[in-house]
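Protein chains: 2
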Amino acid sequence: MATAEVLCIGTELLLGDVLDTNSQFLAQQLALLGINCFHRVTVGDNPERIRECMRTALLRADILITSGGIGPTADDLTTESIAQVFGAPLDVDQEVLAFIEGLFAARGLKMPPSNAKQALRPRGARILPNPVGSAPGIIWTLGPAELAVLGLQDVQTVKSILTFPGVPSELKGMWAGTARGYLEETYAGGTIWSKELKHYGIGESALAEKFAHLLDLANPSVAPYAGNWECRLRVAAKAATLEEARALAQPVIDEIKQGSGVRCYGEDSDTLESVVGRLLTERGLTIALAESCTGGMVSERLTNIPGSSRYIMLNAVTYSNEAKHRVLGVSEEILNTQGAVSPECARAMALGIRQLTSCDLGLSVTGIAGPDGGTEEKPIGLVYLGLSARGADNEERYFARTLRLGKRLGRHEVRWRTAQEALNMVRLYLIDPQHLESP
Amino acid sequence: MATAEVLCIGTELLLGDVLDTNSQFLAQQLALLGINCFHRVTVGDNPERIRECMRTALLRADILITSGGIGPTADDLTTESIAQVFGAPLDVDQEVLAFIEGLFAARGLKMPPSNAKQALRPRGARILPNPVGSAPGIIWTLGPAELAVLGLQDVQTVKSILTFPGVPSELKGMWAGTARGYLEETYAGGTIWSKELKHYGIGESALAEKFAHLLDLANPSVAPYAGNWECRLRVAAKAATLEEARALAQPVIDEIKQGSGVRCYGEDSDTLESVVGRLLTERGLTIALAESCTGGMVSERLTNIPGSSRYIMLNAVTYSNEAKHRVLGVSEEILNTQGAVSPECARAMALGIRQLTSCDLGLSVTGIAGPDGGTEEKPIGLVYLGLSARGADNEERYFARTLRLGKRLGRHEVRWRTAQEALNMVRLYLIDPQHLESP
Chain A
1 MATAEVLCIG TELLLGDVLD TNSQFLAQQL ALLGINCFHR VTVGDNPERI
51 RECMRTALLR ADILITSGGI GPTADDLTTE SIAQVFGAPL DVDQEVLAFI
101 EGLFAARGLK MPPSNAKQAL RPRGARILPN PVGSAPGIIW TLGPAELAVL
151 GLQDVQTVKS ILTFPGVPSE LKGMWAGTAR GYLEETYAGG TIWSKELKHY
201 GIGESALAEK FAHLLDLANP SVAPYAGNWE CRLRVAAKAA TLEEARALAQ
251 PVIDEIKQGS GVRCYGEDSD TLESVVGRLL TERGLTIALA ESCTGGMVSE
301 RLTNIPGSSR YIMLNAVTYS NEAKHRVLGV SEEILNTQGA VSPECARAMA
351 LGIRQLTSCD LGLSVTGIAG PDGGTEEKPI GLVYLGLSAR GADNEERYFA
401 RTLRLGKRLG RHEVRWRTAQ EALNMVRLYL IDPQHLESP
Chain B
1 MATAEVLCIG TELLLGDVLD TNSQFLAQQL ALLGINCFHR VTVGDNPERI
51 RECMRTALLR ADILITSGGI GPTADDLTTE SIAQVFGAPL DVDQEVLAFI
101 EGLFAARGLK MPPSNAKQAL RPRGARILPN PVGSAPGIIW TLGPAELAVL
151 GLQDVQTVKS ILTFPGVPSE LKGMWAGTAR GYLEETYAGG TIWSKELKHY
201 GIGESALAEK FAHLLDLANP SVAPYAGNWE CRLRVAAKAA TLEEARALAQ
251 PVIDEIKQGS GVRCYGEDSD TLESVVGRLL TERGLTIALA ESCTGGMVSE
301 RLTNIPGSSR YIMLNAVTYS NEAKHRVLGV SEEILNTQGA VSPECARAMA
351 LGIRQLTSCD LGLSVTGIAG PDGGTEEKPI GLVYLGLSAR GADNEERYFA
401 RTLRLGKRLG RHEVRWRTAQ EALNMVRLYL IDPQHLESP
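The listed protein sequences derive, respectively, from chains A and B. So in my numbering, spot 296 of the first sequence is number 296, and the numbers just go up one at a time. So in my numbering, spot 112 of the second sequence is number 112, and the numbers just go up one at a time.
Calculated directly from the structure, the hints in this document are not laboratory data. Some clues are possibly wrong.
Repeated chains share a single entry, so a pair holds when one copy, or any two copies, can fit it.
[Claimed, not checked] Heads up, simulated DSS-like pairs for lysine-lysine below, C-alpha to C-alpha not over 27 Å straight-line:
hint	residue 1	residue 2
1	Lys378	Lys257
2	Lys172	Lys117
3	Lys210	Lys117
4	Lys210	Lys159
5	Lys210	Lys257
6	Lys117	Lys159
7	Lys210	Lys110
8	Lys172	Lys210
9	Lys110	Lys378
10	Lys159	Lys257
11	Lys257	Lys407
12	Lys378	Lys407
Build out the structure end to end from the sequences listed, making use of the hints.
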């Protein structure tokens, strides 16, 4: 089984200016590929120390993965350091150079000379394309000459170096685009086939207890993860072929789906919003949102699904009472007596947005996200959700939810948690309104 | 100046099950104490590798700080490993043992035998009390015997080991309670004061070239970072006191602000949306948004600022042409002839939302976020922004921006980049409309 070592390069990391999230992403991805990771090292922008860490890593691991230090500025030293470790010359990759110049030209700018260094690669290394940003990385499958430099004359294992930028979105894009495939081909001992079963409405420990007997399995392995107010069960099987691996995992996947029911909302790259989008498209239904405390987050997530313009007509972020009254027709009486954060207002908002847009579904969110604005009887974290719908029977239906999330959560957490619940309400309704009737 | 090395211990970290936030906290705290940190290492629950990492750290640093591995379970190996490195016996600390037994007794429980190991400490080490949880750590100022084991017969520097649990709240409590004081006493090397200057509208390399003469400074040091379509310059100064450090940095900060002008939009925790919010509040102005391709992202960001309900009335995500026509009053002629993605539509949307809400500012966004919907003449990444305003002179003003972001960016990147530009338009207008007049 191959071993990788992750080297994060950047003084900003050692000063704590930046929270390193790349390491967790890389760790999870390596685990998915069945590649071991025994050490992770973070080092600053110091040439000597960078080279020393690279040598150490290449001696104790098969794969060196670096993050950071491939930008255009003088303290970006990763590529140079790799070349120095092996005494390899740095060649200008004309294709990359032209590409970077093109990026500037597209904005009517001339490329600053310093950006040229981003087109450098040690002789023998290939380019690791960057689909998002300007700086590509490199993939270098070390040859006998490089191994000799490390004093590894007759190793049988393949040693590789992959470099990524520190910007998370770019690193992820490059991983999915090229790096994962390369590592799979070069190192995957057998094939690992895995599927993530995404859950909403059940906690990690409850999920772990429910499927405790599966968590002890070796192949397929089942592991629970939590984050962003949802849980995932990852089922991973290892076999000679992808088909055998899938066949190993399938019965376990079926058992989990069976046991979880609607709480298992999707697989792998599914999100609550993508599932809602798929269901709306299948049913040929349209939706409109009236958001207050979430400020547009539900809308942003739902419209982030390609093609969502087919089923979304209008989302109104009615932040002020005036907007709730003028745009959604919430009566002044409700606003003055019950207030904007009330079940009555949520209902009027949901009805109002649906009537304004004549959509099939009207979803409303009103609450107190904090950090201020909370009162004794309406504390921070109190949220009312409403879903107004015209059923298949053409009957008017209305469903309500109340969240009491407590003061502990920050503003963003309250909004995200609320958006999760709002999207899940729509999902449950589209699967079967009965799921919403029992609170 | 003393040097510390942070060693994070736990297989869950190397599997990516846990996001490591302790490292950033420790890094920031060490910087405040003026203690260097050149390496940070993460290792799994493997005795041999843990010992090897400890030896390496103690040879290249004065202070070894560990996080994790001091719980009651079999895979908690930190304390044992330290003892093994020096061949030191493990003593039971009766006080700690009684304390832990007390914790269980308080809950009417008998202490499980496994918890007794949390009362162990290598002979010669002191206890690092844990005000929050059950497991204390240790502080060990290494004596001649231990230094000899490391082959350091005649070093002048003091070498220390401090161990913390992995639980962030406990680690922070122990740091503030005891560890910081100990390190201050033993190693105090002045302190570091730093400020980040956030920029929009200038690339990292251009920024680095503009201030190239500053990037070579040693104290204060100036370093550029980029990400999320903006750039930061971090100015960090080291001195005996925080005041002296700030005084060292101030002239450089002033020079950068002077040189960057409006492209430097804020400091440290400022964001484009928080700056816009502050300016709107200062000017006593209100704003309303009409978003199409960003789907609510601008709204979500702007309303994520506490107190934003004071200046935001309504944000409309008008995704369909019908909504653009019915809610914003975009003429059918514009929609049919120029189309929804056109300068004319952006203008009509901005005017429409402002008239609907009678706000001071109306901001509109319409474009093609992809991945589909692009055409030859209207490619993916084409975005039109509009800002309609009633000036101080009560005169109607309108400002437009066109973005051509290209097909390379993903849907989310196009939206984020567009939101950055939209927020910056509002910022520039609020500072001085002239900044928008020259395209």
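Here's how the hints hold up against the structure:
no. : hint              : verdict
1   : Lys378 <-> Lys257 : neither (38 Å within a copy, 44 Å between copies)
2   : Lys172 <-> Lys117 : within (22 Å within a copy, 41 Å between copies)
3   : Lys210 <-> Lys117 : between (54 Å within a copy, 17 Å between copies)
4   : Lys210 <-> Lys159 : neither (42 Å within a copy, 40 Å between copies)
5   : Lys210 <-> Lys257 : within (12 Å within a copy, 58 Å between copies)
6   : Lys117 <-> Lys159 : within (25 Å within a copy, 41 Å between copies)
7   : Lys210 <-> Lys110 : between (60 Å within a copy, 15 Å between copies)
8   : Lys172 <-> Lys210 : neither (33 Å within a copy, 30 Å between copies)
9   : Lys110 <-> Lys378 : between (56 Å within a copy, 25 Å between copies)
10  : Lys159 <-> Lys257 : neither (40 Å within a copy, 47 Å between copies)
11  : Lys257 <-> Lys407 : neither (34 Å within a copy, 38 Å between copies)
12  : Lys378 <-> Lys407 : within (11 Å within a copy, 47 Å between copies)
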